[in-house]
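Participant: For reference, the chains in residue letters:
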Amino acid sequence: MSDTTQNGPVLAADGTPLKRSLARALRMQKMRALMLIAPLLLFVVITFIAPIADMLFRSVENKIVATTLPNTVVALQDWDATGDAPPAEPVYESLYYDMFVAAEAKEHTKLGSRLNYEQTGLSSLFRSSGRRLDDAGEAQIDALEDLNPAWEDPAFWYALMDAGSGAADDDLLAAKRKQMTELTDIDHGVDIGFAPRADISQLLPKTADAYTLFALFTAVEDEDVVAEEEPWEAVKVALVQDLQEGADVSSYTGPGAAELAAAQTALAELPAMNFKEVFLDIDKDWGSVDNWSTIQTYSPRYTSGYFLNAIDMQKGPDGPEARPENQQIYMMLFKRTLFMSLVITGSCILLGYPVAWILANLPMRTANLLMILVLLPFWTSLLVRTSAWKVMLQQQGVINDVLVWLGLVADDARLVMINNQFGTIVAMTHILLPFMILPMYSVMQTIPPSYLRAAKSLGANNWTAFWRVYFPQSVPGIGAGSILVFILSIGYYITPEIVGGTTGTFISNRIAYHISSSLNWGLAAALGAILLAVVLLLYYAYDKIVGIDNVKLGG
Amino acid sequence: MADTQTSDAFVEFERVQKSYDGENLVVKDLNLVMPKGEFLTMLGPSGSGKTTCLMMLAGFETATHGDIRLDGVSINNIPPHKRGIGMVFQNYALFPHMTVAENLSFPLEVRKIGKSEREAKVKRVLDMVQMGAFGGRRPAQLSGGQQQRIALARALVFEAELVLMDEPLGALDKQLREHMQFEIKRIADNLGITVVYVTHDQTEALTMSDRVAVFDDGRIQQLAPPDQLYEAPENSFVAQFIGENNTLEGVVKEINGDVALVRLDDGELIDCKPVNVSKPGERTRVSIRPERVEYNKERLQEGVHTLKAEVLEFIYMGDIFRTRLRVAGNEDFVIKTRNAPDQVRLQPGTQIEIGWLPEDCRALDA
Numbered sequence: 001m002s003d004t005t006q007n008g009p010v011l012a013a014d015g016t017p018l019k020r021s022l023a024r025a026l027r028m029q030k031m032r033a034l035m036l037i038a039p040l041l042l043f044v045v046i047t048f049i050a051p052i053a054d055m056l057f058r059s060v061e062n063k064i065v066a067t068t069l070p071n072t073v074v075a076l077q078d079w080d081a082t083g084d085a086p087p088a089e090p091v092y093e094s095l096y097y098d099m100f101v102a103a104e105a106k107e108h109t110k111l112g113s114r115l116n117y118e119q120t121g122l123s124s125l126f127r128s129s130g131r132r133l134d135d136a137g138e139a140q141i142d143a144l145e146d147l148n149p150a151w152e153d154p155a156f157w158y159a160l161m162d163a164g165s166g167a168a169d170d171d172l173l174a175a176k177r178k179q180m181t182e183l184t185d186i187d188h189g190v191d192i193g194f195a196p197r198a199d200i201s202q203l204l205p206k207t208a209d210a211y212t213l214f215a216l217f218t219a220v221e222d223e224d225v226v227a228e229e230e231p232w233e234a235v236k237v238a239l240v241q242d243l244q245e246g247a248d249v250s251s252y253t254g255p256g257a258a259e260l261a262a263a264q265t266a267l268a269e270l271p272a273m274n275f276k277e278v279f280l281d282i283d284k285d286w287g288s289v290d291n292w293s294t295i296q297t298y299s300p301r302y303t304s305g306y307f308l309n310a311i312d313m314q315k316g317p318d319g320p321e322a323r324p325e326n327q328q329i330y331m332m333l334f335k336r337t338l339f340m341s342l343v344i345t346g347s348c349i350l351l352g353y354p355v356a357w358i359l360a361n362l363p364m365r366t367a368n369l370l371m372i373l374v375l376l377p378f379w380t381s382l383l384v385r386t387s388a389w390k391v392m393l394q395q396q397g398v399i400n401d402v403l404v405w406l407g408l409v410a411d412d413a414r415l416v417m418i419n420n421q422f423g424t425i426v427a428m429t430h431i432l433l434p435f436m437i438l439p440m441y442s443v444m445q446t447i448p449p450s451y452l453r454a455a456k457s458l459g460a461n462n463w464t465a466f467w468r469v470y471f472p473q474s475v476p477g478i479g480a481g482s483i484l485v486f487i488l489s490i491g492y493y494i495t496p497e498i499v500g501g502t503t504g505t506f507i508s509n510r511i512a513y514h515i516s517s518s519l520n521w522g523l524a525a526a527l528g529a530i531l532l533a534v535v536l537l538l539y540y541a542y543d544k545i546v547g548i549d550n551v552k553l554g555g
Numbered sequence: 001m002a003d004t005q006t007s008d009a010f011v012e013f014e015r016v017q018k019s020y021d022g023e024n025l026v027v028k029d030l031n032l033v034m035p036k037g038e039f040l041t042m043l044g045p046s047g048s049g050k051t052t053c054l055m056m057l058a059g060f061e062t063a064t065h066g067d068i069r070l071d072g073v074s075i076n077n078i079p080p081h082k083r084g085i086g087m088v089f090q091n092y093a094l095f096p097h098m099t100v101a102e103n104l105s106f107p108l109e110v111r112k113i114g115k116s117e118r119e120a121k122v123k124r125v126l127d128m129v130q131m132g133a134f135g136g137r138r139p140a141q142l143s144g145g146q147q148q149r150i151a152l153a154r155a156l157v158f159e160a161e162l163v164l165m166d167e168p169l170g171a172l173d174k175q176l177r178e179h180m181q182f183e184i185k186r187i188a189d190n191l192g193i194t195v196v197y198v199t200h201d202q203t204e205a206l207t208m209s210d211r212v213a214v215f216d217d218g219r220i221q222q223l224a225p226p227d228q229l230y231e232a233p234e235n236s237f238v239a240q241f242i243g244e245n246n247t248l249e250g251v252v253k254e255i256n257g258d259v260a261l262v263r264l265d266d267g268e269l270i271d272c273k274p275v276n277v278s279k280p281g282e283r284t285r286v287s288i289r290p291e292r293v294e295y296n297k298e299r300l301q302e303g304v305h306t307l308k309a310e311v312l313e314f315i316y317m318g319d320i321f322r323t324r325l326r327v328a329g330n331e332d333f334v335i336k337t338r339n340a341p342d343q344v345r346l347q348p349g350t351q352i353e354i355g356w357l358p359e360d361c362r363a364l365d366a
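Respectively, the protein sequence lines represent chains Y and B.
When the letters of the first sequence are read in order and numbered with the UniProt record's numbering, they come out as residues 1 to 555.
When the letters of the second sequence are read in order and numbered with the UniProt record's numbering, they come out as residues 1 to 366.
For the record, the hints were derived by calculation from the structure and aren't laboratory data.
Some hints here could point you the wrong way.
To be verified - Some chain Y residues near chain B, calculated using beta-carbon distances under 7 Å: (1) K19; (2) P449; (3) S450; (4) R453; (5) A454; (6) S457; (7) L458; (8) A460; (9) T464; (10) V469; (11) F471.
From a predicted model like this one, the values you see are computed outputs, not experimental measurements.
Here a beta-carbon is modelled for each residue, glycine too, at the ideal position from N, C-alpha and C.
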C-alpha cells in the first residue's frame, strides 16, 4: 500500500518515494527491452550512423594542409594575399623543410590533390617539387661533406645529435612525434632509440629539428636503426644554415665539437642558401600569388570551403565570393533536383489517387488481387525497370515506333523522350508510384463508406461529397505518400544516372561523381549535408503546416 | 396488405423487390404505406431486408422492381442528394475533420443558404438537442450519447420531413439508450416529422413506434401498432420474435366459431383462438404469453381444458417470478407471475395444473 504524507511525495510501503520504486521496478523491463533491440541498434550505429557522421565531418575537415606543411602555414600567416608579391624567404624556407619530410613520407601528393580542387595545377606542382627536392642545396651539402668524411658517417651524426646519458630536449621530441603522427596517421609515440641533445637543440635548432624528424621517420616508417642511417639532405642543409647564421659553437663541448667549429669556419664564406630560388628553379609556379593565396586560404584545420563550393561560391582573400559564372553548377542542380522531385511527387499523387481509391472501394478479394499488380514492380530489379524505360522511350524505341507507325510522328522527327528531364520524370514516377499508392490505400481503407452516404443524404452531390468529406480525410495518406516519394526521389541516383542524360541528372549523381571519380570527398560530403539539411527542413516545414501526426501509413 | 392509394400516404412502397445477385430476393414484394407524421419502425433479425428497404428509400440502393413514392412522387430515379431525406447512421457518420457546428452547417451550405441564416438554424437545432455549448468541439471529443444527438440534429437541421434512422442507438449502453429513445420520440413528435426507424431491438420498437413492421425473409410479417403486435401476433414468427412466448404443437380437432380445440402431440386437448387455421386436421403451433398462464385453480375459468405441468425451476427476479415448467413434453414452458403478497412461490418438483383464457392462446401456422 502506498500512502501520502501531509505534503511530501507519495511513498511506497517501505518508505521510499513511490516514483523511485516505480522506476526501479520498470528498470528491469527497460533493460530487457533494450537488450532485444541491441543487435539492431549496434548494427545501425556501426554501419549507418557512424559513417554518416564521419562523412558529414569530412565536409568541414581540412587538416591536411596544416599537418603536411605545419611550419609553412605558420610562416604564411602574415603574408598579404591581396598584394602581387609572392611570400618572403622564410615561407620558402619552411616550405623546404615541410616538403622534404612530406616527400619522404610520400604525403605531399595527397596535399597536392586536395589543393587541386581549389586551384588547378597544384597537384602536379606538388608532385614534381617533392621529387626534385632531394637535389636542392647540393652546393651546401657537397661543401660540408668535402670538409670531413665524418659528415657522411651515420654514427658520427648520431653521436653528435643523441642525448645519450646527458640532458635531452624532450619538448622537441614530443613536438616532432606529434607532427609525424599527424602527417602520416601512424603512431610515432614508440621508442626510437634517440633523443635530441638539449645543448645541441639550443645551439643548432634547425638541425635538431630536421634530425629528430629524420630519426622518427627512420625508426618508425623504415624500421631501421637511427645510428646506422645517413641523415637526410635536409639535415645537412639545416646544419649549414645554423652554422652560417652564427651559432656559438665555441660554447659547445660535446662530441663533434671540433668538427662543428671547423665546419663553421670553413663554411663562413659559402653563400647562404636561397630557398625561394630553389623553389622557383623547380617550378616557376611557386612564385604565383594565386597558388600561395590558395594555400593560405585553406590552411585552417576546418574550412567552410567545401560548403561554399557546394553553393557555387569560393573563399577569396576578402571572404566568400561567387564563383565565375562558367563554374556555377551546384545551385542549378539543387534547384533542378527539388523541382523534378516535386513534379514526380505531383504526378505520383495524380496517378496514384484514383488507383488507391478503387483499391479501397473494391471488395477485399479483388482489391488484394489488384494489389499484387501494384506491388509487382517491387519484385523486379530497379535496374531492369529503368532499362525497360530506356527501351520504351528511346528514339528507336517502342513508343516512337508505334507513333511513327500510326503516322502521328514523322520518321525524321522522332520524339526525344530519354536522356532528358522528361525521361527521368516518367521513369521515376513509375518506380516510386507504389510508395504513393500504399499509404494512400491504407488510409482510404479506414474511411467508412457511410461518410460519403451521409454527405449525400445531407444534400451534397457526388463532387461536393468527395471534395468536402472524403478528400480531407484522405489527406493524411497523401501526406505520407508525398513525404515518402519526395524524400526518396530527392536522393535518387540510379534512374537519373541511366535515363537522365545531362539535363535530367540529380544532385546525387554529382555526389556520386565526387565520391568515386574526382575523389573530392569533402565536397561530396558538403553536398550530401546540404541535401540532408534540405530534407530535414522540408520535413520540419511539413510538420509545422500539416502536422506529422496527421501522417498515416495505415490503420 | 395495405391500400396503396390512400389519400394521406406520404411514403409508399409498391411491389418493391430487391436482389443483389440476380438469384436471391432480399426484399420480396414489399408494400407499405405511411401517413405523414408517423413513427414507423422496421424490426427484424439481421438479413431480413429491413436495412435494404431503408437504403432504397434513402436512395443508396435501387429497387430491382416496383415503385417507391415520396409525397406522391416516384423517387426511383432521383439521386440521394436530391431526395431531401434526413438520415441518422448506425455509427453516426459525423465528419471527423469538421467541428460540430460545421457538421450541422454542411447540409445548409450545400443548399446555398446564407451565413446568418445558417448560424441561426444551427443554433436552434443545437438547442433542441440540448447541445448548445458544443458547437466548437470535434466529434471525437464527444461521448457516444452526445455524438448521437449531433447526428440527430444534423438530420433535422435542413428541415427534412422524412428522417431515416438506421439502428441509431446500437452503440450506446442500456441506460443511455433508453433515455435517447424517449428523447428521439419527443423531438419527432414535437416537429411532426415522419420517421422510419430500423432496429433489431424489439423493446426499442415497441416503446417508440406508432406502428411496427416486423421483417423476416424479405417480407413484412406483420404491420401493426405495438400492442396489437404483442397481443395479437398474426403468425408464429411474430409471436416468437416479439416478447417471450410459449409454443405447443398439435393438430386442430374442431373449430367452433371463436374457439378451436387442439389436440397436442402428447394427446392432451386445449382451447385456443383460431388465427391461422381454418379447418380440422391442420397442424398448428399454439402460442401463449407467459404472463397469461394461470395456475391458481380458483381463478381458472370453468369448463376449459387444463394441462398438467411439473415445476422445473423457479427464478426470483424482483418484480416478477419466472417459473420454468414441463408441459406436454416441452421443457421450456415459462410462466411469469407478479411478485404480489399472496403469490405462491412454486417449488421445483411440484405438480400443478395450468390453464388460460381461450382468446389468449393463439393457434398459428405450423
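Participant: All the hints need checking, so say for each whether the structure fits it.
Facilitator: Hint check:
A least Cβ separation of about 31 Å between K19/Y and chain B goes past the 7 Å threshold, and the interface hint is therefore violated. Hint status for P449/Y: violated, given a least beta-carbon distance of 9 Å to chain B, over 7 Å. Look at S450/Y: its Cβ gets to within about 4 Å of chain B, closer than 7 Å, so that hint holds up. With 7 Å as the threshold, the beta carbon of R453/Y comes within range of chain B, its nearest partner Cβ sitting at about 6 Å, so the hint holds.
Given the 7 Å rule on beta carbons, the hint for A454/Y holds: about 4 Å separates it from the nearest Cβ of chain B. For S457/Y, the interface hint holds, since its Cβ comes within 7 Å of a Cβ in chain B; the closest pair sits about 4 Å apart. Against a cut-off of 7 Å between C-beta atoms, the interface hint on L458/Y holds, since the closest Cβ of chain B lies about 4 Å away. With 7 Å as the threshold, the beta carbon of A460/Y comes within range of chain B, its nearest partner Cβ sitting at about 5 Å, so the hint holds.
Because the smallest distance between the Cβ of T464/Y and any Cβ of chain B comes to about 6 Å, under 7 Å, the interface hint for this residue holds. A distance limit of 7 Å between C-beta atoms decides the matter here; for V469/Y the minimum to chain B is near 6 Å, and the interface restraint holds. For F471/Y, the suggested interface contact is broken, since its CB lies about 10 Å from the closest CB of chain B, more than 7 Å.
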